[in-house]
Amino acid sequence: MLVVGLDIGSVAAKGVMLDRGRMHRAMIPTGWSPRDASEELIYKLLQMSGREREQLDDIIVTGYGRIAVAGAGQAATEIKCHARAVAELYPQVGTIIDIGGQDSKVIRINKQGRVIDFAMNDKCAAGTGRFLQVMANALGLDVSELGEHEDPNHMVAVNSMCTVFAESEIIGLLARGTSKAGIIAGLHQSVGRRVAAMVRRIGIDGKVAFTGGVAKNLGVRRALQEELGCQLLIPEECQFTGALGAALLGQNNMKIAWS
Amino acid sequence: MSVNLEDFMSIREVSLMKIKEAKDEGQKVVGIYCTYCPQEMILAAGAIPVSLCGTSEKPIAAAETVLPRNLCPLIKSSYGFAATDTCPFFHFSDLVIGETTCDGKKKMFEIMQDIKPVYVMQLPHLHQLDAALELWVTELRRLRSTLEEQLDVKITDEKLWDAIRKVNQETIAVKAICDLNKMDPPVLSGLDLLTVTWSRNFSSDKGSLVTMLKELQQELAASRAAQGGTKKPRVLLTGCPVGLGSEKVIRLVEESGGLVVAMENCSGYKTLELQSDTELNDPIVALAQKYMEIPCSCMSPNPYRLELLERMLEEFRVDAVIDLTWQACHTYNVEAFAVGNLVRDKGLPYLHLESDYSSSDLETLKIRIEALLEMVA
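Protein chains in written order, with our numbering: chain F, 1 to 259; chain P, 1 to 377.
Bear in mind the hints are in silico, worked out from the structure with no lab data behind them.
Among the hints, erroneous ones may be present.
Stated by the list, open to error - Derived lysine-lysine pairs resembling BS3-like cross-links, with alpha carbons at most 30 Å apart:
hint: 1; chain 1: P; residue 1: Lys23; chain 2: P; residue 2: Lys214
hint: 2; chain 1: P; residue 1: Lys20; chain 2: P; residue 2: Lys106
hint: 3; chain 1: F; residue 1: Lys207; chain 2: P; residue 2: Lys346
hint: 4; chain 1: P; residue 1: Lys18; chain 2: P; residue 2: Lys154
hint: 5; chain 1: F; residue 1: Lys111; chain 2: P; residue 2: Lys366
hint: 6; chain 1: P; residue 1: Lys28; chain 2: P; residue 2: Lys290
hint: 7; chain 1: P; residue 1: Lys28; chain 2: P; residue 2: Lys18
hint: 8; chain 1: F; residue 1: Lys111; chain 2: F; residue 2: Lys207
hint: 9; chain 1: P; residue 1: Lys366; chain 2: F; residue 2: Lys207
hint: 10; chain 1: P; residue 1: Lys58; chain 2: P; residue 2: Lys23
hint: 11; chain 1: F; residue 1: Lys111; chain 2: P; residue 2: Lys346
hint: 12; chain 1: P; residue 1: Lys214; chain 2: P; residue 2: Lys28
hint: 13; chain 1: F; residue 1: Lys111; chain 2: P; residue 2: Lys231
hint: 14; chain 1: P; residue 1: Lys58; chain 2: P; residue 2: Lys20
hint: 15; chain 1: P; residue 1: Lys206; chain 2: P; residue 2: Lys175
hint: 16; chain 1: P; residue 1: Lys366; chain 2: F; residue 2: Lys216
hint: 17; chain 1: F; residue 1: Lys44; chain 2: F; residue 2: Lys216
hint: 18; chain 1: P; residue 1: Lys175; chain 2: P; residue 2: Lys18
In isolation and in its complexed conformation, chain F is listed as follows:
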């Protein structure tokens, strides 16, 4: 059985191919056309696996672009896909935190990996990857560098959760000569605090997993663990969780080796 799961996110498009226990992964910027991004991902995955398009048994698409590429395959929400992937990777997890480019979600799942309840951030970008990206720009860093640049011991409180106000708050702090590393720690803490509040609303049951691109950020991991008072299980390739879940939905119950 040969299935592809695509996660067309707001920033990055991720693809996972499951080929009889082997997994191939590809990631590209989504760009302006979700449809082109999905075609490119399929092409890359086929190249990596040496397979032909005709051999594909199923394509499942998730992410905000799932509707735009509906022709490519069946659509499922990120919520269902993250639940499916985490249930496969960590059967002991009952609560999932997913922070992506434009939204953050908390998902409660049961033992069978079915979604029981979920919450998402409201309209604004607070507590998402986009928030961190804007702040990284203001600090003259790439968003991927934020995690290693924080200094929690000299944390500076960032009070604004609104992306626009937080940006001006940071510019003000920098102008006063405040340490960059302390500001970064404060930003991570504010994301952690906001998401932790959402987690408490939905509730913790069993272990907690952290997925999505922002899970790569060590500072947000630290802040979330502090705020929640528990350890987080984080897939090594956390950005691919949604795509993996989509692929798994296409190819139910197939055991794979996560590498």
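We have chain F already, so just place chain P on it with the hints.
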């Protein structure tokens, strides 16, 4: 010629022509905003009670030049229509009746006075108290004398009982249509159901409305073809009022493969079990008792809403519940906690949405609604 849904879609246009003709012949029109308004009183005064516009985003920008942005869209839309004179029903109204249901509305009515005479009834918020019912009875008597004075008519008990019977019949007829959706698959989609339950409030003639409703009910009950195909998740919508123009959540549910089978909200099922008691001696008391029972979240406490919801979950074989709160509607927003607990205790998926009339959040609503429907599958 049989009655169909198109007839309900055109109620507003037909009614508008009739209202214009009636006005030319000297009949009075009284505009109403809320299910708490005792329309029987207006009927008994020989005037036409008619719903006023308040479910479209269009006039909100104009309303925001006067009202705060962070206010319920229903209030802003209602005021905006009035201020821009774009609601023909408002235009033709000789008098508008409001009630002190929520803080936003009662303060908005104060400002609306500058555009049109607005008569505001003081609605008590505690229905299990004798003093509250007494106040409401007094308020109804005050409305009676106000209408008599302003419309220069005499509202007799006989006319009131007549109007009470008409409205009781309308309620029974609407409920009979809504109840058809207890069947699986349901007879009407959520959008069609809304077309019927919401549009009826714009009818200028109760008599022909009741006939239309009865005929539609018979038509639908008879024509119910065995619809095969895949079973769709049955969604109950509760919360703030929804009308055509603010139906985006219903539309999204049905575009995403679900069906809204029942609506516990204002023009929907919320008031449909309530009848004025025609055995009483005083029609005003009969009306007061009925209207005080309406389970709006402005009542505190509001146990009947939860009882009604619990029964509806069973009777309509509901698979999932969506609780819609319009932005800044504090009472429905807070009450969502109790509704969520009730629904989750029944083992059903529950989704609380906070939104406004704009289309800016369609994508974020869509993913939540799709995920809710996935939880059913």
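Going through the hints against the structure:
1. With a CA separation close to 28 Å, the supplied pair P:Lys23 and P:Lys214 stays within the 30 Å bound.
2. Of the pairs offered as hints, the one joining P:Lys20 and P:Lys106 holds, with about 29 Å between alpha carbons and a cut-off of 30 Å not exceeded.
3. Proximity of F:Lys207 to P:Lys346 is assessed by CA-CA distance (about 25 Å); at most 30 Å being required, the pair is judged to hold.
4. Proposed proximity of P:Lys18 and P:Lys154 is supported: the alpha carbons are some 24 Å apart, at most 30 Å.
5. Of the pairs offered as hints, the one joining F:Lys111 and P:Lys366 holds, with about 26 Å between alpha carbons and a cut-off of 30 Å not exceeded.
6. Restraint check for P:Lys28 and P:Lys290: satisfied, since their Cα atoms lie roughly 25 Å apart, inside the 30 Å limit.
7. Proximity of P:Lys28 to P:Lys18 is assessed by CA-CA distance (about 12 Å); at most 30 Å being required, the pair is judged to hold.
8. Between F:Lys111 and F:Lys207 the alpha-carbon distance is near 12 Å, which keeps this suggested pair within the 30 Å criterion.
9. Straight-line distance between C-alpha atoms of P:Lys366 and F:Lys207 comes to about 29 Å, which keeps the hinted pair within the 30 Å bound.
10. Proposed proximity of P:Lys58 and P:Lys23 is supported: the alpha carbons are some 27 Å apart, at most 30 Å.
11. Only pairs whose Cα atoms come within 30 Å are accepted, and F:Lys111 paired with P:Lys346 is accepted, the gap being roughly 19 Å.
12. A C-alpha spacing of about 27 Å is found between P:Lys214 and P:Lys28, which places the hinted pair at or below 30 Å, so the restraint holds.
13. For the hint linking F:Lys111 to P:Lys231, the alpha-carbon distance of about 26 Å falls within 30 Å, and the restraint holds.
14. Straight-line distance between C-alpha atoms of P:Lys58 and P:Lys20 comes to about 24 Å, which keeps the hinted pair within the 30 Å bound.
15. At most 30 Å may separate the alpha-carbon atoms for a hinted pair to count; P:Lys206 and P:Lys175 meet this at roughly 15 Å.
16. For the given pair, P:Lys366 sits about 27 Å from F:Lys216 by alpha-carbon distance, which is consistent with the 30 Å threshold.
17. Annotation: proposed proximity of F:Lys44 to F:Lys216 holds, straight-line Cα distance about 23 Å (limit 30 Å).
18. The suggested pairing of P:Lys175 with P:Lys18 holds, with an alpha-carbon distance near 26 Å, which does not exceed 30 Å.
In this structure, every one of the numbered hints holds.
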